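Between the sequences and the hints, there should be enough to build the whole structure, so can you do that?
As you go down the protein sequences, you meet chains A and B in turn.
For the first sequence, position 109 (counting from the first letter as 1) is numbered 109 according to the working numbering, and the numbering increases by one without interruption.
When you read off a place in the second sequence, starting at 1, and then add 1039, the result is the number in the working numbering.
A couple of the hints might just be wrong.
Part of the chain A face toward chain B, derived, beta carbon under 10 Å [stated by the list, open to error]:
#1 Pro503
#2 Pro505
#3 Gln554
#4 Tyr558
#5 Trp584
#6 Phe615
#7 Lys620
#8 Gly680
#9 Ser741
#10 Gly742
#11 Leu787
#12 Pro791
Restricting the straight-line Cα-Cα distance to at most 27 Å, the calculated cross-link-like pairs of lysine-lysine (BS3-like) are [stated by the list, open to error]:
#13 Lys250(A) x Lys136(A)
#14 Lys752(A) x Lys317(A)
#15 Lys1039(A) x Lys83(A)
#16 Lys103(A) x Lys885(A)
#17 Lys1059(B) x Lys663(A)
#18 Lys620(A) x Lys51(A)
#19 Lys153(A) x Lys250(A)
#20 Lys1337(B) x Lys1420(B)
#21 Lys1067(B) x Lys663(A)
#22 Lys1039(A) x Lys982(A)
#23 Lys101(A) x Lys885(A)
#24 Lys1165(B) x Lys620(A)
#25 Lys377(A) x Lys136(A)
#26 Lys1067(B) x Lys457(A)
#27 Lys1165(B) x Lys1203(B)
#28 Lys1059(B) x Lys700(A)
#29 Lys472(A) x Lys381(A)
#30 Lys620(A) x Lys1067(B)
Hints in this document: simulated from the structure, not taken from any laboratory.
These numbers come from a predicted model, not from an experiment.
Where is the CB? At the ideal position from N, CA and C, for every residue including glycine.
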Amino acid sequence: MIFFTNISPFLGVRHRFLSVLMLTLVFVGAVSQTATATEKNTNPPFEVSGKVTGNNGETLVGVTVAEKGVGNGVATDVNGNFKLKVSNGNAILLVRYIGYKTKEVPVNNNATLNIRLSSDSQSLNEVVVVAYGSQKKGDITGAVTTIKASDVKDQPVTQFTQSIQGKTPGVQINQTTGVPGQGMQIRIRGAASFGTNSQPLYVVDGVPLVSDINNLNPEEIETFTILKDASSTALYGSRAANGVVIITTKHAKVGQSSLTFNSFYGVQSVPQKGRPDMMNAEEFAQYEQDVFTEKIILGQATSIPVEYQNPSQYAGKGTDWYNVLLRNAPIQSYNLALSSGTEKSTTSATLGFLDQDGVLIASNYKRYSVRVNSEYKFNSKITVGLNVAPTYEKLANGNSDGNIFGGGIIQNAITSSPISPYKNPDGSLPLTSQSPGLFGNPNWYRVATEATNNTQKGRLLSNAYANIEIIKDLNFRTSLNIDYVNEQNQQWNPSTTGGLFAPPPIVANASTYSNIYYSWLAENTLNYKHNFGDHNFDVLVGYTAQKYHQNYNQESGYGFPNDNISSLAAATQFNNPQYDIQEWSLASFVSRLNYNYKNRYLISASYRRDGSSRFAPNTKYGNFPAVSVGWNAPEEPFMKKISVISDLKLRAGYGVNGNFAIKNYGFIPNTQTSNYTFNGTLTPGTSIANIGNNNLSWEKARQLDIGADFSILNGRISVSYDYFHKITSSLLYQINVPQESGFSNISDNVAKIRFQGHEFSINSQNLIGDFRWSTNFNISFVRSKILNLGPYGSYLPRNTNGSNIEMIGQPLGMFYGYKFIGIYKNQQDFDSSAKYLGSDSPSAVGTVKYADINGDGVIDLKDQTFIGNPNPDFTYGMTNNLYFKNFDFGVTVSGAYGGDLQNRTLEYIQNLDGVFNVTKDVANRWKSPTDPGDGVHPRIVVGTALARYTNSRWVSDGSYLTVKNVTLGYTIPLNKSNNYFKSIRVYTSAQQLFVFTKYKGANPEVSGLEGSSPLNIGIDNTSYPVPRTISFGVNVNLK
Amino acid sequence: MRVRILLTAALALSLSACKKSFIELVPKTVVTEATFFKTADDYTQAVVGSYQPLRSIYNDGYVMGEMRSDNATYFASPGLQGGQFSDKWNISGFLDITINMNGLNKYANCYVGIARTNAILDRIDKSTIDAAVKANLKGQAQFLRAFYYFELVQYFGGVPLHLKEVTSVAEASLPRSPAADVYKQVIADATSAASLLPAKQTTIGMVTQGSAKTLLGYVYMTLKQYPQAETALTGVTALGYSLVPNYANIFTTRNTAESIFEVQYLEGPQGQQNNFAFQFAPNISNVKNILGPSGDNKTTGGWNKPTPDLIAAYEAGDTRKAASIAFSYVDGDDNTVNDTYCKKYTHGPYATFNNCGDDWIVYRYADVLLLLSECLNEEGKSGQAIPYLNQVRARAGLAATAASNQADLRIAIAKERRVELAFENHRWLDLVRTGQAINVMTAFGVKIKQQEPYLPANAYTNITQNRLIFPIPQSEIDINHLLTQNPGY
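Shown next as structure tokens:
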């Protein structure tokens, strides 16, 4: 009993909770003694066969046909045919198919039965997974979208998020980089947060994950349910502000057994379009000759280096660094899935292997995965289940993103000298890439191939649960869940590598880190679902506890005897190791009431209370209530006559949820090591590390959603619309405090942002019958506005050469800088225009001319202004599927319209100091008043820094439409008497087939997020290119 | 059975989670403030931590202390652009604006040190640690707080006077106190420190009574309170310090008999290093022949370059010239280049690029002798002043001074301080203290721009009274709305 004396925060549920727990314990003890499995194994004397079709005569594949009460089911083949042995000629067949009404068909001694299923009116009875349970689709009052994995299968992708791009309104999914196994950014309804995460919460089979979602094998997934509005997410409380993605994995169905093998092999290549158009060797030598000519005039050089004296000698020769680093790379995937279900127990197992070579040389990603989901029914009252999913991943040399100072190898390499070979004529590899006047660089080919950065990640995702029907309609469920990750990384930089400005030989160095983290989650819920006549109730109460633990160790060293041994063990000098332990815990109470009257009037109310270790004593607990209502018009008597309308539902919901993604212990003042040296002896010192904050709390999001679902013609055309209005307040941010305090920042709740938007989707079965064609189109409009920035006043402090600004009254992440208006063409133009006078790069004739926004005749920081908006006007997606006889064909496109992109790579690849290789168009620069060039590119060597400050010349429209996937499949007709195959389908699938855009960079989807901070949206720093993948695959269904 | 185990485990876990302590977690790898400040060892560690900001303050202290003056400039560096370079160029040429990372570094790190000493001084009186230990630690904390505030008030004028630990955002912002109030606090802290600190510390390198008295001497000299300065500085002469016979050795050995207070560094991976030798070496593509390790020094080096004016100030036969300035070097291609750089802190070869352990001397005995000489001369006791000056000249291999009257002696002492203490962050503050900054720097500016044509045309054209102190960092003005900027910025 003492356990309960401390749950006063959850006062009010205490007694109910207690009694249920006691009752359960007793009950479980009793039934587990009596439950014994008895399976009858009868010899079936009667065989029935036939075909199952839909109400429009369409062939239905995979329909479950089973004998009622026995469970010896089969699935229909690709032609809709089935053959089943039943116990006798009077058996009853149970015919089940998702989206259709289940039908019972008496055999009546017929050896052949043709069965027609009628579609379940717009699949309103389809069960949708929601927070802590499931609901019939028709009863849902929130903004929820479900995607079946079977609708997005066969794409040659490594991450499931790639396969659902463009599928859902209000969900912007961008592939920001092509690094194998990485780079997907999801933002639901524009979710954004300043200092913390804006990714949604992922819940896999009920477990809110703490590990990366990317490594989940897409083949293990059954459905994705995306909860967008607050009323549907509020049960996840302090983690739900960015939306929730619920994933259910494949479980076997009663009466079905199958063994399938799916595989594809593809080739990835980087499209020509979007590659940086760098000068070739001859052009570069000419450019450098010009640079040195200018330097001689200025007294900065005495002669033109011999390498640049005769540019024509390089005609047709030279190094294209982009090509040197990239390749066509294979990707292959193999999955074997076994599924078997009886009335008593079900088991589903999926084995997967994926091997992806990166298009950047020497990068590779491998994933080995296993998932076994089993469920066992003790009797009609008790079900227990166990899901176990170990995964092992290996990523080699994937870390190539980033700008020139951040170690981004691609950006570094393209700015290197094209007259410097990566390979000598004799096949040996030069150590450096150097040309006169350029920064000393390593040979990037050697950096890519000789430096290693390998990560291995093992993960175990597992849950065990028991469900007990205590009395009729009252279910108790308890579960224990583990999410465990063990990540190991080794890096090795031999003396032959190096970086920008740091040509080899460097001091060889190695490092290693180990990052082990896990969370356990225990959940107990009690669910009562009962219909009192026309009054339908569904009540849930529960208690959950989750704890996270992380152990991080990092070691690094140098002083290796030579380059042959890369192990840290061979180092003779070591840097200070790092050790860290992080923990958080969350204890929560959840409750929900769903009520409807005759399925006409729906109401849902939920409440969660979270207590979190991350927050301060004054704010330890947060309350997250939500309520929503709905009206199902067709259930009204007066609507029954209007049979053309099969669904018309109006919904509205309002709720509060939060974002707890702030660092652990943030409110506690800590001490830190502050060592000093006395007389050559290191002496331990300590100081207070931060200011405490006893009011540190959640980010709060209050969201209103109003929506409507409408469908006609028995569901052939259905339309959904949602409007949302969301205010995120108390945004968590490290706010700067005056350094006179001895500290520079403190974690605090500061800003307020408003998001609002419209989402629209339409599904249409354009053609039905033998030739079927369906279309899904969705479009979303999201607007953000910063309402308040707390102590910062009108805008967040920013680097004066930063790319974005967060300013009150403006959307998130506006581009801010100088407005480029041309070049000072001649002395007269120069004299009559405003000038920049800073000592770093004073304006001169031929340098860039920026607009004098405040009109004071001088260009300075006060003339920075808005130069672009990275937020798209709208995003959209469309999927078309066609089926004809044995052929199937699908096309998915997705796009964004109206968002700007800032290509900051231009800062380097159009640098005019002569220290980098530059783009071809720099040849058309200003050379003299009589040869002013294209009016866009300024002069070299003199006053060049100004051109490198954030300015509108780097900003361009980032609208795009990408053909994400095209798949053509053919199901091979099989002789039914064959002993091995139920079905064989072959297909070809192309991912990222075309990108239609006016944007000149490689990937317009960088418009999502650079890193995960919305403070830097729309910035292109030449990330790892996203390849086009052409693949061939096969689905084999074995008997 | 499986069901029962599962249920029991799940229930046990969730029930244990019912306890409030389940969501009250504290860091496992760091000590929280709540459990610190208990033992003498805790307080000792806190005092050690209060020295730590000195390393950062001195790592670029030469920019405002020497490059602002006529002692030092910088190497030409075509092609380099960006704040890390232009901030230093701007300070050197009196072109600095309110956004400047060197100014911010000094400002912020002085306050880091002040906050750490405040945390100690708020608690130590009430603590139950041993009285002798307490007095010593309190004395060190008071010295450091006085030192940091003295640094601030000299470079920035009146500043916010935080004397208590800041524990909330609300307490973080204060208005600027008048410079006189800051000086008053500095004198109070330094006076107390001088009375609490021993003449010698068991841990060599910790501040002593001599350090506190030297600081007091400097403060009084700056305030032109000569009798008090004389008392403080004369007090230092009674503490057993002596001049190291060979000038060059002052900088090759730590904590010599001449050293009164020095910022201590340690070469190696412990994070206690500086990179003075690399910052002051020429900005060439490979410094292996100068410093040991191979490495491109273009973006690190080229600072604190001796000016022709300084070189000319050394008298013939002065042994300090060769100990302070290099006149040639061997570049990465093994060619000898005839150019100068500051070598006072270069004692390689070093094992690792950008990693050196040479200490930076803040106060030393020769400095006290010259300051005392200056003090006595200003008091009209020129006769008493001369022997102190000659003591320093004799060590440098020079004859006794020819100056005899107060005005000549004033010039002689100033010149002696310039060459004796060159590159030790005294020159700019000496010029300001003695009222010579505007005259000297204006004349120097004209000359140096002829000698070094790469300097910008507008450098040294804005040398005014306002430029004798530096701007309050803009980022501070932006957040603390109670602050006002210094005039002229």
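Status of the hints after comparison with the structure:
no.	hint	result
1	Pro503	7 Å, holds
2	Pro505	7 Å, holds
3	Gln554	13 Å, violated
4	Tyr558	8 Å, holds
5	Trp584	7 Å, holds
6	Phe615	9 Å, holds
7	Lys620	7 Å, holds
8	Gly680	6 Å, holds
9	Ser741	4 Å, holds
10	Gly742	2 Å, holds
11	Leu787	21 Å, violated
12	Pro791	8 Å, holds
13	Lys250(A) x Lys136(A)	19 Å, holds
14	Lys752(A) x Lys317(A)	57 Å, violated
15	Lys1039(A) x Lys83(A)	13 Å, holds
16	Lys103(A) x Lys885(A)	26 Å, holds
17	Lys1059(B) x Lys663(A)	20 Å, holds
18	Lys620(A) x Lys51(A)	61 Å, violated
19	Lys153(A) x Lys250(A)	13 Å, holds
20	Lys1337(B) x Lys1420(B)	50 Å, violated
21	Lys1067(B) x Lys663(A)	14 Å, holds
22	Lys1039(A) x Lys982(A)	5 Å, holds
23	Lys101(A) x Lys885(A)	25 Å, holds
24	Lys1165(B) x Lys620(A)	32 Å, violated
25	Lys377(A) x Lys136(A)	23 Å, holds
26	Lys1067(B) x Lys457(A)	25 Å, holds
27	Lys1165(B) x Lys1203(B)	15 Å, holds
28	Lys1059(B) x Lys700(A)	23 Å, holds
29	Lys472(A) x Lys381(A)	9 Å, holds
30	Lys620(A) x Lys1067(B)	20 Å, holds
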